[in-house]
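Undergrad: The hints should help you fit chains B and C onto chain A, whose structure is shown.
Heads up: the sequence lines are chains A, B and C, in that order. The numbering of the first sequence is the working numbering, which starts it at 1 and goes up by one. The numbering of the second sequence is the working numbering, which starts it at 1 and goes up by one. The numbering of the third sequence is the working numbering, which starts it at 1 and goes up by one.
Incorrect hints may appear among the rest.
[Stated by the list, open to error] One-sided and incomplete, this derived list gives chain A residues near chain B with beta-carbon spacing under 10 Å:
#1 89
#2 99
#3 102
#4 105
#5 107
#6 110
#7 112
#8 116
#9 117
#10 120
Calculated directly from the structure, the hints in this document are not laboratory data. Cβ atoms here follow ideal geometry from the backbone N, Cα and C, with glycine treated the same way.
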Amino acid sequence: MTNAPTYLPEYIMFGLIASSMVVAAVRVVTTKNVVHAALWLVLVLGGVAGLFILLASEFTAITQVLVYIGAIVVLFLFGIMLTRAPLGKSADLDNNVAQRIVGALVGLSLLGVMVYGLVNRWSDQKIELVGSSTRQLGQTTEQISDSIFSTYLVPFEVVSVLLLAALIGAIVLARRD
Amino acid sequence: MDSVGIMDKVFLLPLIMASSFVIILFVGKRFSERVTSSIGIGAVGACFVLSLVIGAQWINRVDNPPTGAAAVAAEEACLGGPGDDPQAREGGGRGAEPGSAERGAPTGAAPGESAAVLGQEGGGSTESPSAEGGQAESAQAKRGETIPVCASITWFETAVSTSQTIKFEAGTVLDGLSALMLFVVSIISLLVHIYSKEYLHDDRRFTHYYAFLSLFTASMLFFVLGSNSLQMLVGWELVGVCSFVLIGHWWEEGNNTYAALKAFLTNRVGDTGLIIGVIVTFFAAGATSFNVFRLNEAALSGKVSSTLLLIGAIALFWGVTSKSGQFPLHTWLPDAMAGPTPVSALIHAATMVVAGVYLIARLYGVFYAGLQINNNTINYVAFIGGFTALIGAGLAFVQKDIKKVLAYSTVSQLGYMVMALGVGAWTAAVFHLFTHAFFKASMFLGAGSVSHACHHTFDMDEMGGLKKKMPITRWTFMFSGFALAGIFPFAGFFSKDEILAGAANGQGGNAYTIMLVFGLVVAFMTAAYMGRTYYRTFEGEYRGHAHPHESPKIMTIPLIILTTFATIGGVVNFPGKLTEWLRLPQTFGGRLEHYVQPEWAGRFPTLDVAEFNPWLATGSVLLALLGMFIGIGWYANRLYERKLTERSKVLHAGYTFLANKYYLDALYENVIRDRGVFPLARASYWFNQYVVDGIVNAVGVGSRSVGNFLYKYLDQGAIDGAVNGTGIVSDESGQLLRRIQTGKVQQYAALFFFGATVLTIFFVVFIR
Amino acid sequence: MLINAYLLLAAVLFCIGVYGVLARRNGVLVLMSIELILNSVNINLVAFGAWWGAQQPCGAAQGCAATIGPVFALFVITVAAAEVGVGLALVLMLYRNFKSIDIDQVDSMKG
Numbered sequence: 001m002t003n004a005p006t007y008l009p010e011y012i013m014f015g016l017i018a019s020s021m022v023v024a025a026v027r028v029v030t031t032k033n034v035v036h037a038a039l040w041l042v043l044v045l046g047g048v049a050g051l052f053i054l055l056a057s058e059f060t061a062i063t064q065v066l067v068y069i070g071a072i073v074v075l076f077l078f079g080i081m082l083t084r085a086p087l088g089k090s091a092d093l094d095n096n097v098a099q100r101i102v103g104a105l106v107g108l109s110l111l112g113v114m115v116y117g118l119v120n121r122w123s124d125q126k127i128e129l130v131g132s133s134t135r136q137l138g139q140t141t142e143q144i145s146d147s148i149f150s151t152y153l154v155p156f157e158v159v160s161v162l163l164l165a166a167l168i169g170a171i172v173l174a175r176r177d
Numbered sequence: 001m002d003s004v005g006i007m008d009k010v011f012l013l014p015l016i017m018a019s020s021f022v023i024i025l026f027v028g029k030r031f032s033e034r035v036t037s038s039i040g041i042g043a044v045g046a047c048f049v050l051s052l053v054i055g056a057q058w059i060n061r062v063d064n065p066p067t068g069a070a071a072v073a074a075e076e077a078c079l080g081g082p083g084d085d086p087q088a089r090e091g092g093g094r095g096a097e098p099g100s101a102e103r104g105a106p107t108g109a110a111p112g113e114s115a116a117v118l119g120q121e122g123g124g125s126t127e128s129p130s131a132e133g134g135q136a137e138s139a140q141a142k143r144g145e146t147i148p149v150c151a152s153i154t155w156f157e158t159a160v161s162t163s164q165t166i167k168f169e170a171g172t173v174l175d176g177l178s179a180l181m182l183f184v185v186s187i188i189s190l191l192v193h194i195y196s197k198e199y200l201h202d203d204r205r206f207t208h209y210y211a212f213l214s215l216f217t218a219s220m221l222f223f224v225l226g227s228n229s230l231q232m233l234v235g236w237e238l239v240g241v242c243s244f245v246l247i248g249h250w251w252e253e254g255n256n257t258y259a260a261l262k263a264f265l266t267n268r269v270g271d272t273g274l275i276i277g278v279i280v281t282f283f284a285a286g287a288t289s290f291n292v293f294r295l296n297e298a299a300l301s302g303k304v305s306s307t308l309l310l311i312g313a314i315a316l317f318w319g320v321t322s323k324s325g326q327f328p329l330h331t332w333l334p335d336a337m338a339g340p341t342p343v344s345a346l347i348h349a350a351t352m353v354v355a356g357v358y359l360i361a362r363l364y365g366v367f368y369a370g371l372q373i374n375n376n377t378i379n380y381v382a383f384i385g386g387f388t389a390l391i392g393a394g395l396a397f398v399q400k401d402i403k404k405v406l407a408y409s410t411v412s413q414l415g416y417m418v419m420a421l422g423v424g425a426w427t428a429a430v431f432h433l434f435t436h437a438f439f440k441a442s443m444f445l446g447a448g449s450v451s452h453a454c455h456h457t458f459d460m461d462e463m464g465g466l467k468k469k470m471p472i473t474r475w476t477f478m479f480s481g482f483a484l485a486g487i488f489p490f491a492g493f494f495s496k497d498e499i500l501a502g503a504a505n506g507q508g509g510n511a512y513t514i515m516l517v518f519g520l521v522v523a524f525m526t527a528a529y530m531g532r533t534y535y536r537t538f539e540g541e542y543r544g545h546a547h548p549h550e551s552p553k554i555m556t557i558p559l560i561i562l563t564t565f566a567t568i569g570g571v572v573n574f575p576g577k578l579t580e581w582l583r584l585p586q587t588f589g590g591r592l593e594h595y596v597q598p599e600w601a602g603r604f605p606t607l608d609v610a611e612f613n614p615w616l617a618t619g620s621v622l623l624a625l626l627g628m629f630i631g632i633g634w635y636a637n638r639l640y641e642r643k644l645t646e647r648s649k650v651l652h653a654g655y656t657f658l659a660n661k662y663y664l665d666a667l668y669e670n671v672i673r674d675r676g677v678f679p680l681a682r683a684s685y686w687f688n689q690y691v692v693d694g695i696v697n698a699v700g701v702g703s704r705s706v707g708n709f710l711y712k713y714l715d716q717g718a719i720d721g722a723v724n725g726t727g728i729v730s731d732e733s734g735q736l737l738r739r740i741q742t743g744k745v746q747q748y749a750a751l752f753f754f755g756a757t758v759l760t761i762f763f764v765v766f767i768r
Numbered sequence: 001m002l003i004n005a006y007l008l009l010a011a012v013l014f015c016i017g018v019y020g021v022l023a024r025r026n027g028v029l030v031l032m033s034i035e036l037i038l039n040s041v042n043i044n045l046v047a048f049g050a051w052w053g054a055q056q057p058c059g060a061a062q063g064c065a066a067t068i069g070p071v072f073a074l075f076v077i078t079v080a081a082a083e084v085g086v087g088l089a090l091v092l093m094l095y096r097n098f099k100s101i102d103i104d105q106v107d108s109m110k111g
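Looking at chain A on its own, in the form it has when it is part of the complex (with noise of 0.2 Å):
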């Protein structure tokens, strides 16, 4: 054990980002302000994208940066100006009490549910990164391109379609008339 490298920087790194995400999700699902909550969301997402570089795998790192924030999150706050939310604080965002202790009762006991079976089943697992490369890891542009294009070429398809299935179900429902 003494040559087993050690991971506290990562666990610094990790501790964080994660800290900052929980913290930012909350405030996602609490906040009284729906372009403070896109806001928050940005934060979440860019946190997501943090991990995954910790994990090495920096093409999906950088794809969740370009997509979500640059994308989504964007269209999150067209579609907020669009339907003319009000800028500053509201208080009808959320749903009457009974409806949100459900929602809480309901999330907390998923989550217990999922601690649980985590803890139970994946606490010998460890993710040993140092030492290895990204490409042994699987992770570069390069072998991820390649097994999009060979072994998952079909959902790849599938995938093109739901797209265009999305556009124009977009369309059609956008539309005016």
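TA: Frame of chain A; chains B and C shown alone:
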């Protein structure tokens, strides 16, 4: 080197028809009817010529079977990879072949990877599940066998574990059976295409009709050539869709739409069985391949549990039951007469309905082993076939519509074929399929010709006495009728007789006596209803109001061609014994047995071929003649005027029973649909409304109400007692649940996630 | 590094997302909560991919089991984009028809 010829390029045939479909569909509207129909006829004509060439090449291949390395290569092509002989692969001689090299490399490990990975991943995949003898022995066994010509490409691959991938292939199989089917499908389709040009003249959806006729043919060819059960499933469904479109061709009339829907839905019922069967057989064969030969091989190896095979065979047969109109799913077939008559001819003679028979013939190993055909005196397939033959013939008696007579006759004849397969008379079934295709197509087209002349009616009450006015139609119909009735020397005689002989002979010494009796009774009935139909249509006085005239040449020529085949088609499988007695050349007899029945150890059961039985043959012909005389005599002597059915209660009851089609439709629609499905739908609606939503509310806003509820019952329940209690429970819960029909999507979402949580708890904590 | 760190964080995010879906009334906010859920799934996918890669290092240029993690994370990102596109179109339509994007007002399906 063996001569493969164009037999590995048979994918061209469905391709030609499919491109014809595309061309007609997209540009047909711009052309005249003449051009449109010419495209279709040209395409199917090309297929016909190709099928002739392929047939000739196949015959040549059987006469000069490949041996040695060529046989091994052919076998590998058909089994989708090396056979069960690992020694051969390790011996090195064949290691360099592209087929085995491809299979040896799993997706994960390509050449050039690091040695460690290769060592890790390469190991598992080259092990084959079982080992039976070496290359020398298998090459020995190949001599004299006729191995099909197969061609395939990799359809998709899937990794079942890190070391093993399963390759699914799409390919074509050409053996005697598929070559014969190619011939039958393309010639009938060709004649139907030609005939339709006049019959559908000036139809408002002429282009559409020709397009789907092409697609129909393409699907059937695709189905016939499919090398694995998945592909056959695709073809099967395509055929179903095309039949739906064509049966509902004149959808402006409600009846036609209804008939098309009925055909489609009934077939869906059966398709479920087929899908289950495909899955079951896939797993029964070791979950490695859908290849038909692999399935047969596994089934015949005796290593698979016979219960599993029985389930697989019965599930597959359930698909056959709907597609080939077997009891109890035959009810769609007569309604399918709503389509244009040439379509009926195509459906009933060459394409759709024989798909089921073909499926059994193709996966015969599964059925043979699953139903233990060689070890029984009766089995499910044979019985259903015989029973269907009987009830179909019975129903054909009471129809007024000439096409319906023919439809029930088809049901009956399909039952005959299925029965033949059930008793092990494989060649006889295929032979009957062949002859039936011609005489039934001829009769359908003849009926179409009659209706063309009689103001588009099919009612035999408005026909009669047409023999003078339509001589060609009359003669072709009569000859085909003789063939159907099995009168010597028409084609039907030989095939029907072979089935009867097969039933009498049985497999492994077990005679299927009950099936033989069924067969003889049906032979009698068939002749009788054909006599009736013929007499009512062509003899006596004309009872309609039109001015019948012979149809134009473009319609009669197909009739003549088909009737020629129906008349002399029997020579295709002339009985061997008869050949001896008549001192004909030896090669004249038993051709289908020689060229069509597969001889491939392990992939096709060794069948006892029944010998020609003169007594049986004479008996069945006499029965048929008797039936025909009774059928004709009944009408010729105006016996029906004595109104026997109205005087005799028993006969009347019988007539009513038949006229109502054994009350099967009533059973399906009134009992199963109205009493079964609708209440079920209502019950699930009720459940959804009251129980599911109730739980939502109990979670959401119900806590206070539940409190009240409990208080009330804890307080008073003990005193009021159970009787009072139950009444109040139902009343109160109804009231409670009524109020919570919120329609709020988030409450449903809450329930959904709550349910997911409960399931997760169940899996994580209890199942682990 | 314990894999559970990632998995537990993902579980927490997932449950926060579930809470948001159930408790929020504003349509756009519900969609944002769904994004949280999808992102937690992505964390899991990439974490398992890295875990797999660390267990079985990949060799040559192609064919590597560990890529399944990032690849499917990419698919999920794509699906999320499609989902937001359609979801916002729905919200816009909701706004047009009800002059509000409170999804608890949309109860014309109630029994």
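Undergrad: Are the hints correct? Go through all of them and say.
TA: Hints, verified against the model:
1. Taking 10 Å as the C-beta cut-off, the interface hint given for residue 89 of chain A is violated, the closest approach to chain B being about 22 Å.
2. A hinted interface residue such as residue 99 of chain A counts as satisfied when its beta carbon comes closer than 10 Å to some beta carbon of chain B; here the least separation is about 6 Å, so the hint holds.
3. Proximity of residue 102 of chain A to chain B holds as hinted, the smallest CB-CB distance being about 5 Å (cut-off 10 Å).
4. With its C-beta approaching chain B no nearer than about 8 Å, residue 105 of chain A sits inside the 10 Å limit, and its interface hint holds.
5. Evaluation of the residue 107 of chain A hint against chain B yields a held restraint, the C-beta minimum of about 8 Å falling below 10 Å.
6. For residue 110 of chain A, the shortest C-beta to C-beta distance to chain B is roughly 5 Å, which falls under 10 Å, so the interface hint holds.
7. A hinted interface residue such as residue 112 of chain A counts as satisfied when its beta carbon comes closer than 10 Å to some beta carbon of chain B; here the least separation is about 9 Å, so the hint holds.
8. Against a cut-off of 10 Å between C-beta atoms, the interface hint on residue 116 of chain A holds, since the closest Cβ of chain B lies about 6 Å away.
9. The beta carbon of residue 117 of chain A is positioned within 10 Å of a beta carbon in chain B (closest approach about 4 Å), and the interface hint is therefore held.
10. Taking 10 Å as the C-beta contact cut-off toward chain B, the hint placing residue 120 of chain A at the interface holds, the least distance being around 8 Å.
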